[in-house]
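Student: Listed below are the residues making up each chain.
2 protein chains.
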Amino acid sequence: MKIVHACEQTLRIDAKLRNARVDFSEMTATIVAIATDQFRDGRRVAGYAFNSFGRYACGGPMRERFIPRLLAAPPSDLLDPDSGRLDPPRAVAALLRREKAGAHAERSMAVGTLELALWDAAAKLEGRPLYQTLAERYGVAGAGEPRAIPCYAGGGFYKPADDRALLLREIQGYLDAGYRDVKIKAGGLPLAEDLDRIESALSLLQNGSRLALDASCAFGRDEALAYARAIAPYGLRWLEEPCDPADFETYRAVSQAYPGLVAGGENLYSKEEAENFLRYGPAGARLILQPDPPLAYGVGEFHRIVRIAARHGVPAARIMPHGGNLMSLHVAAGLGLGGAESYPGLFGAFGGFGREVRIQEGRASLPASPGIGFEEQPELYRIFTALPLNA
Amino acid sequence: MKIVHACEQTLRIDAKLRNARVDFSEMTATIVAIATDQFRDGRRVAGYAFNSFGRYACGGPMRERFIPRLLAAPPSDLLDPDSGRLDPPRAVAALLRREKAGAHAERSMAVGTLELALWDAAAKLEGRPLYQTLAERYGVAGAGEPRAIPCYAGGGFYKPADDRALLLREIQGYLDAGYRDVKIKAGGLPLAEDLDRIESALSLLQNGSRLALDASCAFGRDEALAYARAIAPYGLRWLEEPCDPADFETYRAVSQAYPGLVAGGENLYSKEEAENFLRYGPAGARLILQPDPPLAYGVGEFHRIVRIAARHGVPAARIMPHGGNLMSLHVAAGLGLGGAESYPGLFGAFGGFGREVRIQEGRASLPASPGIGFEEQPELYRIFTALPLNA
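In the order they appear, the protein sequences are chains A and B. Numbers 1 to 391, taken from this note's numbering, label the letters of the first sequence in order. Numbers 1001 to 1391, taken from this note's numbering, label the letters of the second sequence in order.
Think of the hints as simulated: they come from the structure by calculation, not from any bench. The reader is advised that the hints may include incorrect statements.
Chain B is faced by these chain A residues, among others (derived, beta-carbon under 10 Å) [said to hold, decoys possible]:
(1) Glu26
(2) Gly54
(3) Met62
(4) Arg63
(5) Asp87
(6) Glu99
(7) Ser108
(8) Ser216
(9) Cys217
(10) Pro245
(11) Asp247
(12) Asn276
(13) Ala285
(14) Leu295
Derived CB-CB ranges, DEER-like [as the list claims (entries may be wrong)]:
(15) A:Arg147 with B:Lys1159: 56 to 62 Å
(16) B:Asp1082 with A:Glu249: 33 to 39 Å
(17) A:Ala386 with B:Pro1190: 50 to 56 Å
Chain A is nowhere near these chain B residues, computed Cβ spacing over 10 Å in every case [claimed, not checked]:
(18) Arg1063
(19) Glu1145
(20) Glu1223
Using N, Cα and C, we set each Cβ at its ideal position, and we do this for glycine too.
Let the hints inform the model, and build the full structure from the sequences given.
Tutor: In structure tokens form, the structure reads like this:
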């Protein structure tokens, strides 16, 4: 098994969206493709991935360091010595030689996106969907079974005009599509207006549907505590990212004052950052943890974070990977986590799970295609296959 | 005052060096040049900078986000509204619009390097060396005075062959060149051999010369404590980076157990990371703090870190910027800090301070040229001026 080519490209994500802190008008993503020398069903086995949502493209370090290192890696850096199978976390360790400690975000997205593409290829080589490969490699009992897993719809961004009407139409669309739990943005309006917006959303969510809020790191300590106090009576699913991801003291204070769950983790880029967040930040008993696999060195590091979280009192059932895409769906299923996020209709070709995944009663069915299954997400797959992989 | 052009380039730093964790055989740097529409002495005022040492080039985010944003910025994003002068930290705030919280290292080097180039231009527009501009802008009494500031030689990397003989020759060279304090790498050999290497170095350092050690994040907790215990009798200048930069518990334990000073900070990339390091990590009373200006959003963020450090019991006299280059020398002088580092003879054209700076009795004189003064570092200046700035 050899890797014969790898390439990447920066693409604009066309998203007229705004959360409490930023708009996404300049947002980009990096897509990667990795070609192996293996064939299955007459086609060359290739792996594809992209660097999730919400962080800009990371092609610089890929082009300048990590793709050249990957292509130069000897088989002993890529393959499990016992099974001879492609071993993506082993490849990551090789990519990180000659890297100084710290500064994870400078490289974790480039390395993590390559790792996911390697997992796509690894599962295709085994002829099964990625979640089954992950469940076996990490020994998660039952996680390789075909099933449907909990999945909520993320959205509710602030719109420049007609925000309330569009929000209600959006949520109704999620419910009609089979979702039950919905997450909307929070903290982007004066408190009273935001509460009114929340109450509008709640008016649509009955019969076991729950509302979660994402404050997108909007608040300082006092604001965060005041906001948590104001929303406490609603009994929401969770309050996500009330403050800066490094403001551990505020996270802890909110998790102590707020009677519900506090969520966070999409801005943690390594096991070291996750360890400190869990050690100094929110109480583990009150936390929903949400790292994003391709942003944070990939599945291998995600699995390390799952084990660290367990030591801090966060069980797998309260870990839900960020990034509403097929990569996070496979990680949620294969590692036996609490569920997945989805961004139906957002982020253009990058949003959604493709035509294999059905949403029903708040659960997402799992893909059956080998690998991640981008092949069954036609608009995105066309973008991947336009990469000059056989150049 | 307008910025009419900006460009960057990735260059290899030819360095056959090894510390306790990594070698530098693939090391690169990013250089930038920014052209204004202003002229002084018949020449167009341009600003130059590079992204310090030890972190790879950061051209990706510069090309894809920050240079386009800088060139598109209206004057109100670049100029102080009262004085009309170029205001680099104001430009940084504009560059960071549309950036999510966290993930600082992904952009802090690109933004910080551009900020230093803007400071170079700002000081040239005022016709004075950068440290004088900084002393005035930040109101640091006496820091604008021409003088010599404490400066130590950093080096002592592990060599593939003849390590001991080369180390002694290197240290003797520093002493002959006018340095007194010297820092060498540590933690890259078994303890007994490392101690023997330290004793060799100490045999050359008499008459007030002091030795500092840089362990380059080599150790876990137990090793770090054992190492600190073993070197305690030598009474060294400081022990730098005994562990991972995010391993706050080990930092704190070492700073409590070791009777001397503990140093760290070159792997902190924002005020948020510095705040947590100071809050949870080493005791402020025992710390030498060493952030690197272009790696961590530039001088504006460095000044914020200086103020945060003061709240944690670290006075300016115990802050010494990482990065033995003219940029850090100006920051050390202009903000009235404890001193500067120097890497004489290392890192090719990027090492050293140029022909204006004299080293005498362990102090470095300050440059008199307007701006940072790369013009008086001819080999490096040729590299800057080869950029297609007027294309």
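Student: Run every hint past the structure and note whether it holds.
Tutor: Structure-based check of each hint:
no.: 1; hint: Glu26; verdict: holds (5 Å)
no.: 2; hint: Gly54; verdict: holds (6 Å)
no.: 3; hint: Met62; verdict: holds (8 Å)
no.: 4; hint: Arg63; verdict: holds (7 Å)
no.: 5; hint: Asp87; verdict: violated (22 Å)
no.: 6; hint: Glu99; verdict: holds (7 Å)
no.: 7; hint: Ser108; verdict: holds (8 Å)
no.: 8; hint: Ser216; verdict: holds (8 Å)
no.: 9; hint: Cys217; verdict: holds (4 Å)
no.: 10; hint: Pro245; verdict: holds (4 Å)
no.: 11; hint: Asp247; verdict: holds (7 Å)
no.: 12; hint: Asn276; verdict: holds (6 Å)
no.: 13; hint: Ala285; verdict: violated (21 Å)
no.: 14; hint: Leu295; verdict: holds (8 Å)
no.: 15; hint: A:Arg147 with B:Lys1159: 56 to 62 Å; verdict: holds (58 Å)
no.: 16; hint: B:Asp1082 with A:Glu249: 33 to 39 Å; verdict: holds (35 Å)
no.: 17; hint: A:Ala386 with B:Pro1190: 50 to 56 Å; verdict: holds (53 Å)
no.: 18; hint: Arg1063; verdict: violated (7 Å)
no.: 19; hint: Glu1145; verdict: holds (35 Å)
no.: 20; hint: Glu1223; verdict: holds (14 Å)
Checked against the numbered hints above, the structure breaks hints 5, 13 and 18 and satisfies the rest.
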